[in-house]
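Dock chain to chain to rebuild the complex, using the hints, since each chain is given by itself in its own frame.
So the chains spell out like this:
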Amino acid sequence: MDRPSGTSAHGALVAPAAAAALEQVWRAESGRLVATLARTFRDLDLAEEALQEAAMRAAERWSRDGVPRNPAAWLTTVARRKALDRLRRQRTRDDAAERPCVPSLQDRVVEPGIREPSRLGDDELRLLFTCCHPALRREAQVALTLYTLGGLTTEEIAAAFLVSPSTLGQRLSRAKRKIRTAGIGFDMPGDARLGERLPSVLATLYLVFNEGYAPSHGERPLRPLLCDEALRLTRGLAAALPAEPEVLGLLALMLLHDARRPARVDAAGRRVLLGDQDRELWHRPSLVEGTALIKRALSRRRVGPYQLQAAIAAVHGEATGAEGTDWRQIVGLYDLLLEATRSPVVALNRAVAVAMVDGPRAGLALLDDLAADGALRGYHLLPAARADLLRRLDRRDEAAEADRNALALATSTADRAFLRRRLEHDPEG
Amino acid sequence: MQYLFLIYADEVLESEMTEAEMGALLQNYGKYSALLESRGVLRAGEGLQPSTTATSIRVRNDDTLITDGPFAETKEQLGGFYLVDCASLDEALELAAQIPSANYGTVEVRPVMDYSQLADD
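If you read the protein sequences in the order shown, they are chains L and X. Sequential numbering of the first sequence, starting at 0, is according to numbering that gives the first Met the number 0. Sequential numbering of the second sequence, starting at 0, is according to numbering that gives the first Met the number 0.
These aren't lab readings, by the way, just hints derived from the structure by calculation. Possibly wrong hints are sitting among the right ones.
If we take Cβ atoms under 10 Å as the criterion, some of the chain L residues that face chain X in the derived model are [what the hints assert, rightly or not]:
# : residue
1 : T152
2 : I178
3 : D186
4 : V345
Since the structure is predicted, the reported quantities are computational estimates derived from the model, not experimental observations. For each residue, glycine too, the CB sits at the ideal point set by N, CA and C.
This is chain X alone, in the form it adopts within the complex (with noise of 0.2 Å):
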C-alpha cells in the first residue's frame, strides 16, 4: 500500500535555527532518505519552499483567482513529503515517526488512492 507522509512544521521555528541546527537537520533528512531507500519503500520524496513562496488558485465559474500564499494560513505548514510503499498502517507510522521534522512538527499519513480497490465497493 501506498501512503504520503505529509511533513508540517511551524516555519518561523525553522527560520530561527542557527546554521549548525539547520545542518544537523538537513543531514538528518539524508540519513533518513537513505534508511527509506534501503527498505526498498521510498517512492518519491520533497522538500518543499517556505510556504512564503506558494501561490494558491481557485477556478468559479471560469474566474480564475490567484492568491499569494497558502492554502491556509495556520501555525505548521507544508514543508515537505515522502511517498512510500508499506505493508500496512503500522509499517508507515513506525517510519513516519523517524522523520526528523516529527521531533517539533505533525506528520499527517495518509494511504494513498487505490482505484482497483474502489471499484469493489
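Okay, chain L solo, but in the shape it has when bound (with noise of 0.2 Å):
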C-alpha cells in the first residue's frame, strides 16, 4: 500500500521522529491492520483507504503531539473512525445502499504485540485466502497479496514485476472489483475446504519468492524484497497452520534456498549456478531450519511437491560439493515428484540429475524427448542443460550452438549474462 510521503496532508513537513515512527509501523503492520479493517468492513478498498486517511492524520498529529505509546492502536483506533465516517457519509448520500455488513463498534479493540510476532492472525490468514482466491487471476493474487498483506508500494511492485505502475493499478482495482462484486468473502475456508484453497495460497508464495530468487525478467539477479516477504508470509502461514506438512515444505524449500543467496551472486553480480558456488559462504542458520523443517514435514507423511523439492535442497544442503552429493537420492526424490506433478520442468531438472548418476549420455537421451515433446518450447533451461552435457561428452560445436539457442530464449539479465560468459569461454568449445 501506498505509504505516506514526507509532508502532510496540508503540505507542513512531517517531523522526523514522526516520519520514522510511520514508516516503521507502516512496514511492518500495515497489512495486518488492513486485514483487521477488512474483515471488519468486508471491504477491501474501504480499509485501505481508511489506514491511508489515517497515516496522513498521524503524520501531522503525531509531529505536532510526539509519537503515541502505541502507534499501531493508534492507527487502527483513527482507521476504524475514518472507515465509519465514509461509511455514514455513504449512508447519508444514498439510504438504500446496504453494506452487506454493518460494523460493531464492539468490536475487539486492536493490542498490536499480543501475538507471537510471525505467526500471522487470523484477520491476516482471512486476508491472504482472499487474496489468493482461486477465482482471481495468478498475476492478481501475486500484487494483491504484496500490496495489502506485504505493505510494498504499487511502485515497488510493478518494478519487481516489470509492469508500469498505472497496469499494476489497473490489475489492483480490477482484482479489488472482483472481490467485491463476485461476493468473495473475507473468509478462512474450513477444514473441509482448506486442502482445496491452500495450494494456490502456497503457489502465490513461492511464485513471488521465486522471482525473488531468480527474477525472471530484468537487470537485477535477484530481488531481496520479494524473498524476504515471501518467506516472511510463509513462516507467518506455518506457524498458523502447524498440521500442514505442505506449508512446512514450502517454508523449508524456501528457506533451503534461501540459505544459498549469499553464494548465488558473485563480487561482480553475475550469478554462479549450484556446482560452482562457494558453499562456505550458505547461510547456515537457514540451511538447518530448512532441514529440521522438513523432516518434521516428511515424519506427517502426507507428503506433497513442496515437501519434496525441499528434500532435494535439503540433499544438496548436506552435501559438501556437486561430487559430494547423493544424486542417487536425489534422482529417486525426482520419480516421485516427476509423479506427482507431470511438470516437464522437473522433468528436466530429473534428466539433469539422471545425468550426474547414469552419465551424460543419459540424460541427453532424457533432454531429447523432452525436446521432441515440445512442452518446454521456448524454455531456455532446456537447450542451456543439453549444451552442459554436450560439453561434458566434449560436442564442443552442438554445445555452442545449443547456448547459443538457450541466449536467445532467456529474458533476464543475469541469465544471459551467463550464457553470454560460457560462450566467450567456450566459443566453439
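Here it is, written out as C-alpha cells:
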C-alpha cells in the first residue's frame, strides 16, 4: 500500500521522529491493520482508504504531539473511525445503499504485540486466503498479496514484475472489484475446503519467492525484498497452520534456497550455478532450520510437491560439493516429484540429476525426449542444460549451438550474462 | 447475493448418451434441484433445448438481422441455468460443483448485478 510521504496532507513538513515511527509501523504492521479493517468492514478498498487517511492524520498529529506509545493501536482506532465516517457519508448520500455487514463498534480493539511476532493473525490469514482465492488470476493474487499484506507500494511491486505502475494499479483495482462484486468473502475456508484452497496460496507465495530468488525478467540477479516478504508470510502461515505438511515443506524449500543467496551472485553481480557455488558462504542457520523443518514435515507422512522439492534442496544442502552429492537419492526424489506433478520442468531437472548418476549420455537422451515433446518450447533452461551435457561429452560445436539457442530465449539479464560468459569462455568449444 | 449458474456442455456428447445414461442424468438433475430447494437458495432453474433450435437476433441501425443458431459456435453450448441466492462466492462454487454436468462440461458462475450496490461506486 502506498506509504504516507514526508509531508502531511496540508503540505506541512513532518517531524523526523514522526516520519520514522510511521515508516516503521507501516512496514511492520500495515498488512495486519488492513486485514483487521477488511474483516470488520468486509471491503478492502474501504479498509485501505481508511488506513491511508489515518496515516495522513498521524503524520500531522504525531509531529505536533509526539509519537503515541502504541502507534499501531492509534492507527487502528483512527482508521476505524475514518471508515465509519465514510460509511455514514455513504448512507446519507444514498439510503438504499446497504452494506452486507454493518460494523460493530464493540469489535475487539487490536492490541499489537500480543500475538507471536511471526505468526499470521486470524485476520491476516483470512485476507491471505481472500487475496489468493482461485477465482482470481495468479498475477492478481500475487499483486494483491504483496500490496495488502506485504505493505509494498504499487511502484515496488510494478518494478519487481516489470510492469508499469498504472498497469499494476489497474490489475489491483480489477481484482478488488471482483472480490467485491463476485462476493469473495473475507473468510477462511473450513477444514473440509482447506485442502482445496491451500495450493493456490502456496503457489502464490512460492511465485513471489522465485521472482525474488531468480527474477525471470530484468536487470537484477536477485530481488531480496520479494524473497524476504515471501519468507515472512510463509513463516507466518506455517505458524498458523502447523498441521499442514505442505506449508512446512514450502517454508523449508524457501529457507534451503535462501541459504544459498550469499553464494548465488558473485562480487561482480553475476549469477553462480549451484555446482560452482562456494558452499562456505551458505547461510548455515537457514540450512539447519530448513533441514529440520523438512524432516518434521516428512514425518507426517502426507508427502507433496513442496516437501519433495525441499527434500531435494536438503540433500544438496548436506553435500560438501557437487561430487559429494547423493545424486541417486536426488533422482529418486525427482521420480516421486515427477509422478506427483507431471511437470516438464521437473522432468528437465530430473534429466540433469540422471546425468550425474548414469552419465551425460543418459541425461541427454532424456532431454532429447523432452525437446521432442515440445512442452518446454521457449524455455531457455532446456537448451542450456543440453549445452552443459554436450560439453561434458566434448561435443563442443553442438554445445555452443545449444547455448546460443538458450541465449536467444533467456529474458533476464543475469541468465543472458551467464550464457554469454559460457560462450565466450568456450566459443566453438 | 444472487448468482447465475450457466451450464455449458458438449451437445454431441449428450446426444450420444444411451437412454439409460440420459435417464440417470435427468434423475441427478432432479436430485440436485431438490437439494437447492432444501437449502432455500433456489430462485429459478431450467434446462434448454439444444442450440440447433436457437435463433439469434441483432438490430443495427433499425435493421433486424435474424440468424439460425446460437450466439457463438463453440464446442460447449449453453444447456441450462440456475439462479441461486447464496451468502458468498464460496458457497456458490460449492453448489455449482455439484451440478451433474460439471462432470463433463463447464459451469460459469456469474454474480447478478445489484443495482443498490452500483449506486455506491
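Now the hints, each set against the structure:
| no. | hint | verdict |
| --- | --- | --- |
| 1 | T152 | violated, 25 Å |
| 2 | I178 | holds, 9 Å |
| 3 | D186 | holds, 7 Å |
| 4 | V345 | violated, 28 Å |
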